[in-house]
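Trainee: Sequence:
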Amino acid sequence: MTRGITVIGGATGGMLPGLLLAGPIGALVGTVVGAALGAIADRASVRPVVAISVIAGASTGAFVGAAIARVLCLPATCVWIEIVAGIVTGVGALIGVGLIAALTARSFDEYREAMDANRPPPTTGCSRDDDCVE
Numbered sequence: 011m012t013r014g015i016t017v018i019g020g021a022t023g024g025m026l027p028g029l030l031l032a033g034p035i036g037a038l039v040g041t042v043v044g045a046a047l048g049a050i051a052d053r054a055s056v057r058p059v060v061a062i063s064v065i066a067g068a069s070t071g072a073f074v075g076a077a078i079a080r081v082l083c084l085p086a087t088c089v090w091i092e093i094v095a096g097i098v099t100g101v102g103a104l105i106g107v108g109l110i111a112a113l114t115a116r117s118f119d120e121y122r123e124a125m126d127a128n129r130p131p132p133t134t135g136c137s138r139d140d141d142c143v144e
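With the working numbering, letter number 111 in the sequence shown gets 121, and the count goes up by one each step, no holes.
Read the hints as simulated data drawn from the structure, not as lab findings. Values in this document were obtained by computation on a predicted structure and should not be read as measured data. Glycine included, C-beta positions come from ideal geometry on N, C-alpha and C. It cannot be assumed that every hint is accurate.
Cβ-Cβ distance ranges computed for the label pairs, FRET-style [said to hold, decoys possible]:
(1) T133 with A49: 33 to 41 angstroms
(2) G14 with I105: 24 to 32 angstroms
(3) M125 with V98: 40 to 48 angstroms
(4) I18 with R129: 34 to 42 angstroms
(5) M125 with V39: 37 to 45 angstroms
(6) V42 with V98: 18 to 26 angstroms
(7) I50 with M125: 25 to 33 angstroms
(8) I110 with L82: 26 to 34 angstroms
(9) S117 with V42: 28 to 36 angstroms
Kindly produce the complete structure, drawing on both the sequences and the hints.
Mentor: Shown next, in the form of structure tokens:
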């Protein structure tokens, strides 16, 4: 069931910016790329909520980069610059959103592990070996 959620969520996350940027062809390309990223994330056992957030963030970053390039150029004069700007900002957003999502998910995992073991939750600036007593 989670495979379907991840793939469909990824496809939707890729479709919407593609539709806004390039119409039906962009929606098709965004859907295929988003679904492929969703399948890769599912294969790597990434949680669906994390995978969909990262895919949506990356596709939104690609949309913003391409839209900025479109605004700066005359109509239909720099399509390749729009594509390159979209790819570069999409990859940057993928890395940035992915890093934040991974760190957040790990933080929640550490909190749950501590609670399950009846230990106090980890706090900022304290290591597990440090007392952190003020």
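Trainee: Now tell me if each hint is right for this structure.
Mentor: A quick look at each hint next to the structure:
1. The hinted window of 33 to 41 angstroms between T133 and A49 holds, with their beta carbons roughly 38 angstroms apart.
2. G14 and I105 have their C-beta atoms about 26 angstroms apart, which keeps the hinted 24 to 32 angstroms range intact.
3. The given range of 40 to 48 angstroms is respected by M125 and V98, whose C-beta atoms sit roughly 41 angstroms from each other.
4. The hinted range of 34 to 42 angstroms is satisfied by I18 and R129, whose Cβ atoms lie roughly 38 angstroms apart.
5. Separated by about 44 angstroms at the C-beta atoms, M125 and V39 satisfy the suggested range of 37 to 45 angstroms.
6. Separation of V42 from V98 is about 20 angstroms and conforms to the stated range, judged on CB atoms against 18 to 26 angstroms.
7. Taken as a hint, the range 25 to 33 angstroms holds for the pair I50 and M125, whose Cβ atoms sit roughly 32 angstroms apart.
8. A hinted range of 26 to 34 angstroms holds for the C-beta pair I110 and L82, which are about 28 angstroms apart.
9. The given range of 28 to 36 angstroms is respected by S117 and V42, whose C-beta atoms sit roughly 33 angstroms from each other.
The structure meets every hint from the earlier list without exception.
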